[in-house]
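Given only the sequences and the hints, what does the whole structure look like? Please build it.
In case you want the letters, here they are:
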Amino acid sequence: MIDYLYTLIKELCTKRDVLWQLVRQQLILRYRRTTLGYLWTLINPLLMMSVTAVVFATLFKVELKDYAVFLFAGMIPWNCFNATIGQSAVSFINNEGLIKKIYLPKIFFPLSVALAVLIDSMLSFFVLFAIILCIGGQLSWSLLFIPFAYVLLFFFSFGVALVASVATVFFRDLQYVIVIAMQAWFFLTPIMYKKNALTGSIAWLVQFNPVSTFIELFRNPLCFALLPSPSVIASAAALAIISLAFGLLVLARQEEKIVFRL
Amino acid sequence: MSNITIKDLSIKFRVYHDRSPSFKSYFASLFSKDPTLSSYTDFWAIKNLSLNIKAGDRIGIIGHNGAGKSTLLKTLCKIYSPSEGHIHVVGRLAPLLEIGAGFHPEFTGRENIYLNGSILGYSKKQLRAIEAEVIAFAEIEEFIDTPVKYYSTGMYMRLAFSLATAMHPDILILDELFAGGDIAFITKAKTRMMEMVNKANIMMMVSHDHDLIRLLCNRVIWLDHGRIVCDGETNTIVQRYLDHETPQ
Chain C
1 MIDYLYTLIK ELCTKRDVLW QLVRQQLILR YRRTTLGYLW TLINPLLMMS
51 VTAVVFATLF KVELKDYAVF LFAGMIPWNC FNATIGQSAV SFINNEGLIK
101 KIYLPKIFFP LSVALAVLID SMLSFFVLFA IILCIGGQLS WSLLFIPFAY
151 VLLFFFSFGV ALVASVATVF FRDLQYVIVI AMQAWFFLTP IMYKKNALTG
201 SIAWLVQFNP VSTFIELFRN PLCFALLPSP SVIASAAALA IISLAFGLLV
251 LARQEEKIVF RL
Chain U
263 MSNITIKDLS IKFRVYHDRS PSFKSYFASL FSKDPTLSSY TDFWAIKNLS
313 LNIKAGDRIG IIGHNGAGKS TLLKTLCKIY SPSEGHIHVV GRLAPLLEIG
363 AGFHPEFTGR ENIYLNGSIL GYSKKQLRAI EAEVIAFAEI EEFIDTPVKY
413 YSTGMYMRLA FSLATAMHPD ILILDELFAG GDIAFITKAK TRMMEMVNKA
463 NIMMMVSHDH DLIRLLCNRV IWLDHGRIVC DGETNTIVQR YLDHETPQ
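Chains as they are written, first to last, in the numbering used here: chain C, 1 to 262; chain U, 263 to 510.
Hints in this document: simulated from the structure, not taken from any laboratory.
Keep in mind that this is a model prediction, so the values were computed, not measured.
Where a beta carbon is used, it is the ideal one built from N, C-alpha and C, also for glycine.
No false leads were slipped in.
Here are the simulated lysine-lysine pairs, DSS-like style, with alpha carbons at most 27 Å apart: (1) U/386 to C/101; (2) C/61 to C/194; (3) C/10 to U/387.
Over 10 Å on every C-beta distance to chain U, these chain C residues come out as not near it, computed from the model: (4) 27; (5) 35; (6) 54; (7) 56; (8) 66; (9) 138; (10) 180; (11) 193; (12) 202; (13) 203; (14) 241; (15) 243; (16) 245; (17) 248; (18) 252; (19) 253.
Next comes the structure, spelled out in structure tokens:
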């Protein structure tokens, strides 16, 4: 395993130009030849969240401003997580032509997707944050924690994404299963509601949902101008490390078989 | 000095009867020893192949379809990893298995030089240095900022060829390369290929064109069903292969 990590890091360093080109390809291609171009990356989640905010603020009978800030703070990490898994899952399948014709480290395919999603997410964060400030969010030192929260979220998401991408090569049905599973996971994560709001027989699902931890990492600084509690940070860090280690382990054991199964 | 050592190399392919096994059949085959339930059969594309290649070797690989020629080259290029045995390569290896692999149709010619160039292993600095020469050799100056999906097949091939052959690697791996373009370009391309072959430390090619092999190679390996039938001086081996293939 140590040998594997050493080779991996060496390849990441020597071939970082390729990785960057693949990330660039992801970022540029999506909206090429649309009039608003890259702006769609920002407008899309914004419109979606605004609609959700209006509907659910009315439904829950809460102040729209407060609810909008609360919802935005939860949606940013969720959208990042969701897009990383969903897009990475098909990264090997979509690059079949390349994988069969030329050698590139296998990790580059899910990694380039995940990095592109991360960049998208950070850009939409800036836009949303400007809006949060306008409608009455608070500016505080605790916001300096956000970059760190992104690092933890990225490692956690990428670990899950690695497993999803490798598994999808072997079981093609998974690309559809993942979409449905992520939808269910969204509703079981306290994004639209408070963590203790869901009671009854499925409350434990919310309680043990690893993504809840990452939502809190973002929500505390953004909504309440507070640093997340040390125990939340510690469990997020632990989850990130476990997820990444497991993802790398799965990739290390299966990557040589991928080319034969595409 | 470059060299390649291949020791007891075997490559196993699984031929899946059903392209992608379902969860159901996967679990069924886990718990059952019934061979009819297994969704694949194993097939050895290369079996116990050992080979030493030293600097100066110009190797042509011959054999009929399915002999394992392309699989061998792809394994040298790390696309397949050995099922058994190992390969040791010293020197910078340039795989020209399929030129234009990694071109993105939505990207312009210039963007593809950078995208595909980095995939081929060129650094950004090297690419900036060769960009003008690649465009000039491909003769597509006026279309270089057009997405390659609007290129004609000839233009596409010319750009891919110019880029792939822009640098001189230590070890050159070729899989039936000559194609595309008009007569003038093919002549130009052949000259450039010869130059590349001459400058390479080691060259390995697969071709069904025996005249080309006679012209370029000083050593020929005849493969059949993943094994070496014979290995030696070009004319002798090509003649033996031809005699074997076309019985009087």
